[in-house]
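Number of protein chains: 2
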Amino acid sequence: MDKIKLFAPATVANLSCGFDVLGCCLDGVGDEMIISKNSAKKLRITKITGQDLPLEVDKNVAGVSAEALLNALGENQGFDIEIKKNIKAGSGIGSSAASAAGAVFGINKLLGEPFSTNELIKFAMEGERLASGNAHADNVAPALLGDFSLVKSYEPLEILSLPSLPELRILVLHPLIELKTRDSRSIIRQNVALTKAISQWGNLAALVSALYTQDYELLGRSLKDEIIEPVRSILIPYFDELKALASANGALGFGISGSGPSVFAMCKGDVVAQKVKTEFQEFYQDKNIDFDLHLSKINSEGIKILAQ
Amino acid sequence: MDKIKLFAPATVANLSCGFDVLGCCLDGVGDEMIISKNSAKKLRITKITGQDLPLEVDKNVAGVSAEALLNALGENQGFDIEIKKNIKAGSGIGSSAASAAGAVFGINKLLGEPFSTNELIKFAMEGERLASGNAHADNVAPALLGDFSLVKSYEPLEILSLPSLPELRILVLHPLIELKTRDSRSIIRQNVALTKAISQWGNLAALVSALYTQDYELLGRSLKDEIIEPVRSILIPYFDELKALASANGALGFGISGSGPSVFAMCKGDVVAQKVKTEFQEFYQDKNIDFDLHLSKINSEGIKILAQ
Chain A
1 MDKIKLFAPA
11 TVANLSCGFD
21 VLGCCLDGVG
31 DEMIISKNSA
41 KKLRITKITG
51 QDLPLEVDKN
61 VAGVSAEALL
71 NALGENQGFD
81 IEIKKNIKAG
91 SGIGSSAASA
101 AGAVFGINKL
111 LGEPFSTNEL
121 IKFAMEGERL
131 ASGNAHADNV
141 APALLGDFSL
151 VKSYEPLEIL
161 SLPSLPELRI
171 LVLHPLIELK
181 TRDSRSIIRQ
191 NVALTKAISQ
201 WGNLAALVSA
211 LYTQDYELLG
221 RSLKDEIIEP
231 VRSILIPYFD
241 ELKALASANG
251 ALGFGISGSG
261 PSVFAMCKGD
271 VVAQKVKTEF
281 QEFYQDKNID
291 FDLHLSKINS
301 EGIKILAQ
Chain B
1 MDKIKLFAPA
11 TVANLSCGFD
21 VLGCCLDGVG
31 DEMIISKNSA
41 KKLRITKITG
51 QDLPLEVDKN
61 VAGVSAEALL
71 NALGENQGFD
81 IEIKKNIKAG
91 SGIGSSAASA
101 AGAVFGINKL
111 LGEPFSTNEL
121 IKFAMEGERL
131 ASGNAHADNV
141 APALLGDFSL
151 VKSYEPLEIL
161 SLPSLPELRI
171 LVLHPLIELK
181 TRDSRSIIRQ
191 NVALTKAISQ
201 WGNLAALVSA
211 LYTQDYELLG
221 RSLKDEIIEP
231 VRSILIPYFD
241 ELKALASANG
251 ALGFGISGSG
261 PSVFAMCKGD
271 VVAQKVKTEF
281 QEFYQDKNID
291 FDLHLSKINS
301 EGIKILAQ
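Sequence order for the protein chains is A and B. Going by the UniProt record's numbering, the first residue of the first sequence is number 1, and it counts up by one from there. Going by the UniProt record's numbering, the first residue of the second sequence is number 1, and it counts up by one from there.
Just so you know, not all the hints are guaranteed correct.
Remember, identical chains collapse to one label, so a pair may be satisfied in a single copy or spanning two.
[As the list claims (entries may be wrong)] With a straight-line cut-off of 25 Å between C-alpha atoms, the simulated DMTMM-like cross-links for lysine to aspartate or glutamate are:
1. Lys122 with Glu226
2. Lys88 with Asp215
3. Lys268 with Glu158
4. Lys243 with Glu158
5. Lys243 with Glu155
6. Lys37 with Asp215
Hints are computed from structural coordinates only; laboratory data are not their basis. Values in this document were obtained by computation on a predicted structure and should not be read as measured data.
Please model the entire structure based on the sequences and the hints provided.
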C-alpha cells in the first residue's frame, strides 16, 4: 500500500466537567487527507485546500506530528501529505488535532502499523504543541480512538477509551469570530476553590458512570462546569441565552467546545437535536452573527479510511 | 416486626483521588445495633457498649439521624436503640456513619420502609453534621448502599452506586492516636492549583472506569492524591514508609482512610492482602505504635440484617 485517503474527524474536548481530560469524536465534520509514499525520501506537505495554512513541514501541525513519528522509528521513507481542510482553524472543534491525528494515522498505516493507535497519540500531540503551545491530548485522542477519550494522566501519558451512547447527538455551533486557544487559555485562573474542584470531579465521575450505564439523563446532569465556563463563556456571543435555549428545547447539556468559540449541545436522538439546531439558527440569524452548525453522531471509529 | 438486629459496616471514604465524593463499604468490621419499637412513643438510646458515647438523643449521631427521619415523616412512634460499638470513634473508617446509617435503616425497616435506602442518606448525614460539623455523605452512603458510592452533588443531593471488583480486598491500619475529623479538615488549603485539580479528576474518572471494566491495575494506578494526602499524611505516623511497604508487597494502592488517622491498602486477592497485613504489623510493632488492623472484602450489601 503506497497511498491512503482518510477522513480525519473533528472532536469536542473538555465537555464541561472534563476540562483538559475528556473529549469525544464527531462523525459529521472532518478533514480529508491523502497520504502517499514518495521516492524523494522527504516529508512534504504538498497541498492544502480550504484554509490558508503553511506548507512548511516544521510550521504545519500535520508535518511536525508526522516528523515526530518518523524520528521515533528512525525511518527514512518519504511521504506526501495533502489536506482538504473542512474544519476551520480556531473553531474549537479540533482543527489542528484532525490534521495531526490524520497524518500519523495514515503514515503508520503505510508503514505497516509499527505503532498501535493509542501509541500514535503522543506524536499527534506534537502538532497540538505547535498549534497552541500546549501538547494536550483531549482532541487528538478521540480523533484517533473514536467515542470518548479520557486523559488519565500526562506523566506518564495514559489515555483510556470510554464507551458512548448510541442515540447521543452533538450539535456544534461555531460563531464565526476568532479566538485563539492560546488567548482562551490565558484568561483561566491558575488556582481554584477546593469546593468547586470537588463539584467538578463529582460531576466528571458521574459522567463516566453515565457512559458505562447508558444513562442519558445522568450524562446531562453531569455536564456542568463551575470552573472554566464562567470565565471563558464571556468571550462567546450570547452564551447564556444559547444555554437557556438548549435547555428549554430538551438538550441534555450545553457547554463550550474545547477553548471555544464553538459551543456544543448534547441531545438524545435526532428529533431533539434538530429542534435545538433550528432554535440556534434562528437565534443567531436574529442577532446577525455569522455561524456554522454541525449536527453529528458520536463517531466510534475515529479516523476512517476512505480509500487505499 | 417490632425489633431488628443489624450489622452497621465501617466504610472508607475519600479513597485518594475521590476526596469528599467517594467511599466504599467494608465487610470485616462494623457495629451491631438492636432497634425496637417502644410504647413510650419516645426515641431513646438505651445502651451503648464498646465506647463511651452520649446516650442523649440530641448528642448522639444515631439519635439525631433517627430524629431527622421521624420528623420528616411526622411519625410519633417511639424506638429504642442499642449500640454495640466495634468501630472506634475517630478512627477514620466511618464510626459515626455506621451508627447513623444503622439507626435510620433499622427504623425505616420497622416502619415498613416508607423511604428507599438512597433516600435514607440525607437523614444519616445529620449524624455526620453532629460528629464533624459537616454533613458529608461519603461514609453514610456506602454504609447504606454497599460497594462504592459516588456523591455526584450535594445541591441537589445525588448519590450513585458504583460496582465493585470481586477480588478486591481492603486492609485498614488504624494507628491508635487521636485525630478529630474537624481538626483534620482544618489543615486543608481552601484553594488548589488548577493543574493538580486536573490530575485529580483525571484519576478519579479513570478509577470509575476501572470499577466498570473490572480493571484492578487501573484502579491501583488511579489511587493517587496530590491535593489532600501531602498535607494530611504528615499527621499519620510513618505514612510514607507504609506506602512504600504496601507498594513493595504488591498492593494496588495506598492512601488515607477518610480524614485519618487510618490508612488503607487496596489489594487484589487474599494472598497479597495477607502479605501486606503481616508487613504492616511487623513495621508498627517495631516502631512501638499501637494499632488495629482490619482486612476486609468489599461489602456489596451495606447494612445487614442479623435478626428480626
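Self-check item: Non-conforming hints, listed in increasing numerical order
Solution: Per hint list: 2, 6 violated.
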